[in-house]
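Using the sequences and the accompanying hints, generate a full structural model.
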Amino acid sequence: MARRVLHSRVVGALTYPHGIDRYVEIVSPLLLERDVTARITAVRCQTPRSVTITLRPNENLRGIRAGQFVAVGVQVNGVLLTRPYSPAGSERRAASELELTVSTHPDGRLSRHLREHARAGGTVRLSQAQGEFVMPDRRPERVLLISGGSGITPVMAMLRTLCEEGHRGPVGFLNYARSADLALYGPELDRLAQANPALRVRRGYTRGPSALSGRFCREHLDAVCGAGWEGETFVCGPPSLVGAVTAVLAEGCLPPPVVETFTSPPRAPAVDPQGATGKIRFARSDRAAPNSGLVLLEQAEDAGLQPDHGCRMGICNTCSSRKVSGTVRNLLTGECSSSPDQDIRLCVSVPVGDVVLDL
Amino acid sequence: MPPHTFALSPAQLERFGEELDAIRAQVVADLGQEDVDYINRVIAVQRGLEVAGRGLLFFGFLAPAWVGGTAALSFSKILDNMEIGHNVMHGQYDWTGDKRLSGKEFEWDTACPADQWRHSHNYMHHTYTNIVGKDRDIGYGVLRMSEDEPWRPYYLGNLAWAALLALFFQYGVALHDLESERIVAGEVAIRERRGMLGQIWGKVKAQLLKDYILFPVLSGPSFPFVLAGNVAANLTRNLWAFTIIFCGHFPDGTEQFTEQETQDETRGEWYYRQLLGSANLTGGPLFHILAGNLSFQIEHHLFPDLPAHRYAQIARQVQEITERYGLAYNTGPLHRQFGSVVRKIARLSLPATRGPATPEQAALAPRSAGRAAA
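Sequence order for the protein chains is S and Z.
Per our numbering, the very first residue in the first sequence carries number 1; after that it's consecutive.
Per our numbering, the very first residue in the second sequence carries number 360; after that it's consecutive.
Errors might be hidden in some of the hints.
[Stated by the list, open to error] Here are some, though not all, of the chain Z residues that point toward chain S, as calculated from beta-carbon distances under 7 Å:
1. Q392
2. V395
3. A403
4. L568
Just so you know, these hints were derived from the structure itself, not from any lab.
Source: prediction; values computed, not measured.
No residue lacks a Cβ here, since even glycine has one placed at the ideal position from N, Cα and C.
Structure, rendered in structure tokens:
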């Protein structure tokens, strides 16, 4: 009721042009009309290289399906950094509780900030849930969940959801980590496996002793599912893992996996700098610079511009801008865009020769 | 009037530009949480003043509540327009990545639509500062503020028109991008400007509805007090903004330029024009905040997209550089700077008198000679 009044047309006219949110946020960012925000309710560290944060989102979050991700925005030294993270909790609880497990990278500004500074009581901004890496509403009977490194979070959400739903069919859970002390959710997985006879958990450590040696192969598949298994596979991890799973399933004439690939942000020059040719012109700001081979977002920033951006990995579309002319290659898809006046994502597009941008 | 303009050689101009670039780089490298906290604090104070002001005016039948409410609302509008709106819309906080502080998206509590302001001010005024015929802030199309503009009998009313512009400043600003004087002169057909007029009317309507209908009606028996308080707050903001803004480029000693002499400008020459075309105001920290830091007009015109609360820190360095190059750094207290602006408005209401040159003309001479030599 209070929200209805607060967000009525009359209140809109009284608070014009800023809108009621710009007043309410001074009191509490959680009361905002549109923006999704969340309060941090707990922070713990499972491993030396991760931090697990429990969030209570405000009412604006329209729900999350297990496997989807949200863009998480946190101010770090004045700059709002936004990165996509897949909550690891059951989708049944998403309205009141989200759990993020963030793996820290040495040059990951947001992940390091969260590990060092996240405290209960703080707030973060969230996007609505995005992504197609989800289980069908009619759950498959036999499910195999495979993950590598921090890719465990979306499949953990799927596993927890299945457990809460009382799923009866066999579920295999195969997780790869560098070593036992870096493996996430170890104790909880053991507990779940003990409580659910239909759940089989296997782990592989790529840099340490483990029951499964080496990288994913047919033997690993049989170890977690048993021979003759056929079901729905969900895999989240680095491209090498996704590739190996896809190949092994294809060899066994099994249905292809549903995949989510984690890639590092394309920071390094995608094209050999010596090989980069042409000139980038930023038409609106009347600036130009030789093509350095970097993604256009970085070239624009190097030229002193500040294009809108968010995730810097081709997901959130915030940096989408109009390419007036020229050819660019999308690093994620490998596609080339040569038609004039196309909207491209600056953070994952590298120019091929001369390019003119409406920036 | 001390001699203040010295021609610089192209090489000197280049070094001059590089030194200013270095100041800019030093501030950019230092931007961080402190800047975001600062602007968020100002925004919180502005919102608080607005809510308090409007709340007090509901009890406007009591004289102290009316005075306090009107004062709070006036300060709120001044902060909103100047330290927050003007500066945020310059993109001074775009580096934060925060949509609420986005220069492209911010809207302010005044009649002028933010999109038109971004064009007329950020682009036209800041790019073509003090170029007579291009910078429409010279006289806003209604006043004669330059000797280079031919005199017409209309300008006999220069002082009166200026007073009217000051009283209705928010509407003057709202009509600014429309180039109404060109419509009157028949250079532009009014139908070409229909879209802009629609935007302006939409914004003006919403502002009128809020200040002069909704809040007064909501207050019931306090209707006349709320209405009067809102009129007074808008008026106060108008007069204050006019005063500060007219002190930016028109006090004695500020220079104007011609399109011809600013063709193919280098970076150094652009800085040179921004410096000589702008004037600062001296005062305390609160004065600078209420002036939206436009009291550091010189620093603002050199670095329009640096957070304005940083200008105070770099003013000393800028002044040191300008002195080293023998260039004028025009600054003074408000009463002196504004007094000279009023005198200029009065003087230019009459046709130019032949004979001893005005200080502006005297100042123009060596610069023109120097640039010709360069």
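Next on the checklist: So, against the hints stated earlier in the document, which numbers end up violated here?
Outcome noted: Per hint list: zero violations.
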